[in-house]
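Let chain A serve as the given structure and place chain B on it in line with the hints.
Protein chains: 2
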Amino acid sequence: MKYGVLGTGMVGLAISNRLAELGHEVMIGTREPSKSGDKLKSKNESVQVGTFAEAAAFGEFLFSATVGGVSVDVLKAVGASALNGKTLVDASNPLDFSKGMPPTLFVTNTDSLGEQIQRAFPNLKVVKALNTVTAAIMVYPKLVAGGDHDLFICGDDADAKASVIRVLNEFGWVNILDLGDITNSRALEGLMPLWVRLYGKLGMAMFNFKLVR
Amino acid sequence: MKYGVLGTGMVGLAISNRLAELGHEVMIGTREPSKSGDKLKSKNESVQVGTFAEAAAFGEFLFSATVGGVSVDVLKAVGASALNGKTLVDASNPLDFSKGMPPTLFVTNTDSLGEQIQRAFPNLKVVKALNTVTAAIMVYPKLVAGGDHDLFICGDDADAKASVIRVLNEFGWVNILDLGDITNSRALEGLMPLWVRLYGKLGMAMFNFKLVR
Numbered sequence: 001m002k003y004g005v006l007g008t009g010m011v012g013l014a015i016s017n018r019l020a021e022l023g024h025e026v027m028i029g030t031r032e033p034s035k036s037g038d039k040l041k042s043k044n045e046s047v048q049v050g051t052f053a054e055a056a057a058f059g060e061f062l063f064s065a066t067v068g069g070v071s072v073d074v075l076k077a078v079g080a081s082a083l084n085g086k087t088l089v090d091a092s093n094p095l096d097f098s099k100g101m102p103p104t105l106f107v108t109n110t111d112s113l114g115e116q117i118q119r120a121f122p123n124l125k126v127v128k129a130l131n132t133v134t135a136a137i138m139v140y141p142k143l144v145a146g147g148d149h150d151l152f153i154c155g156d157d158a159d160a161k162a163s164v165i166r167v168l169n170e171f172g173w174v175n176i177l178d179l180g181d182i183t184n185s186r187a188l189e190g191l192m193p194l195w196v197r198l199y200g201k202l203g204m205a206m207f208n209f210k211l212v213r
Numbered sequence: 001m002k003y004g005v006l007g008t009g010m011v012g013l014a015i016s017n018r019l020a021e022l023g024h025e026v027m028i029g030t031r032e033p034s035k036s037g038d039k040l041k042s043k044n045e046s047v048q049v050g051t052f053a054e055a056a057a058f059g060e061f062l063f064s065a066t067v068g069g070v071s072v073d074v075l076k077a078v079g080a081s082a083l084n085g086k087t088l089v090d091a092s093n094p095l096d097f098s099k100g101m102p103p104t105l106f107v108t109n110t111d112s113l114g115e116q117i118q119r120a121f122p123n124l125k126v127v128k129a130l131n132t133v134t135a136a137i138m139v140y141p142k143l144v145a146g147g148d149h150d151l152f153i154c155g156d157d158a159d160a161k162a163s164v165i166r167v168l169n170e171f172g173w174v175n176i177l178d179l180g181d182i183t184n185s186r187a188l189e190g191l192m193p194l195w196v197r198l199y200g201k202l203g204m205a206m207f208n209f210k211l212v213r
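Sequence lines, in order, name chains A and B. The opening position of the first sequence corresponds to residue 1 in our numbering, with each subsequent residue numbered one higher. The opening position of the second sequence corresponds to residue 1 in our numbering, with each subsequent residue numbered one higher.
The following block holds chain A by itself, in its conformation from the complex (with noise of 0.2 Å):
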């Protein structure tokens, strides 16, 4: 399976090198790939890079991991027809840092980013994971607690997610679980304000929430 990877980030770099270090076949993709050059001082030497659209159609799996304010343009611009049928992975969130710091969400509670990206592109098989955590977790989830906590992850595709799921595990993720359709998006961002509390109160990313019943 080749994987592209949308967004050169910490998300993106983390997702891409760790994919690489898994045996995958992985191109990330950026604005600029000339002008990337620092940004990919960090990046697994067999990553490919090329542009947003070569990253997506190299892909057959995607990963959203731009800014969220961005993630429906860069879409856009890559254009639906080399993102029909393909399943992409959105762990991007809707934040808005213009009001200041905590950041407020520029879509929730009767939307989300990840229902606008399903809308936008609906022969995309949309799911929403990953966003819930900081990006080495996203990862390794082992390096917290051994990985005895929970990603919760949705979207309207059984087979989409299956697959997702599937990558999933090869990361170290146990405990996944499936929320639903993709309006669960709405649940999954909205764990942003308390994440982004907790970050500053603990000061530090590295934590996330296990589910006890």
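Among the clues, some could well be false.
Since the list gives no way to pick one copy over another, a pair counts as held whenever it fits inside one copy or between any two copies.
No farther apart than 30 Å at their CA atoms in a straight line, the calculated lysine-lysine pairs in the DSS-like style are these [said to hold, decoys possible]: (1) Lys201 to Lys86; (2) Lys142 to Lys43; (3) Lys39 to Lys201; (4) Lys210 to Lys39; (5) Lys2 to Lys99; (6) Lys41 to Lys142; (7) Lys201 to Lys142; (8) Lys142 to Lys210.
Please keep in mind that the hints were generated in silico from the structure rather than gathered at the bench.
This is chain B only, laid out in the frame that chain A set:
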């Protein structure tokens, strides 16, 4: 310490009964006590019953356990003079069922119900707490995972939060994390979208989150 509990739903009854069981003097407040017979069938016999105003006047320490949609109106009907200087635990959530299930929130993201109450009554010491778990867990946290899970609280007044933590300890809470000022209510109430979906997915309300790091 005398306690006043506003609201005779599951939450108000659970808190009242638990306080009485712990040996405290408690009055539960309701709109029309003469019409509350059925609701109060499961009431501990030592819990007194009064109007909202009577319960607020009785209590030196108050719990707001009404449906979120009426919390501010009930307190306005009680009037600031019975509230000034007291500590009030706001255990309610701004759930809006008018758009169908699962409920949305009638205030979120840039404001919260906890803040609305605090703004309406500047001399009341509002502490947001307990809104993130079901009634039974609020007062018997050890029923789940032996109590090894987390309760998040917030509020502007340090002494009020210390007194709330003492009561929560009596209930059995061990892991209590004070997130900071009352604006953190946005984060606590923001957990509701995930909570209601987990409730639907798991088919039961006896769950909570443990913060792992």
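Hint check:
1. Taking the shortest alpha-carbon separations for Lys201 and Lys86, only the inter-copy value of 27 Å comes in at or below 30 Å, while the best intra-copy value is 39 Å.
2. Proximity of Lys142 to Lys43 under the C-alpha cut-off of 30 Å is restricted to the intra-copy arrangement: shortest distance 22 Å within a copy versus 46 Å between copies.
3. With identical chains, the CA atoms of Lys39 and Lys201 are at most 30 Å apart within one copy only, with a shortest distance of 28 Å there and 40 Å across copies.
4. Within a single copy, Lys210 and Lys39 get their C-alpha atoms no closer than 33 Å, and across copies no closer than 35 Å, so neither meets the 30 Å cut-off.
5. Proximity of Lys2 to Lys99 under the C-alpha cut-off of 30 Å is found in neither arrangement, the shortest distances being 39 Å within a copy and 42 Å between copies.
6. With identical chains, the CA atoms of Lys41 and Lys142 are at most 30 Å apart within one copy only, with a shortest distance of 25 Å there and 49 Å across copies.
7. Taking the closest pair of Cα atoms, Lys201 and Lys142 come within 30 Å of each other both inside a single copy (23 Å) and across two copies (25 Å).
8. Proximity of Lys142 and Lys210 under a CA criterion of 30 Å is satisfied in both settings, with 13 Å inside one chain copy and 16 Å between copies.
Checked against the numbered hints listed earlier, the structure breaks hints 4 and 5; every other hint is satisfied.
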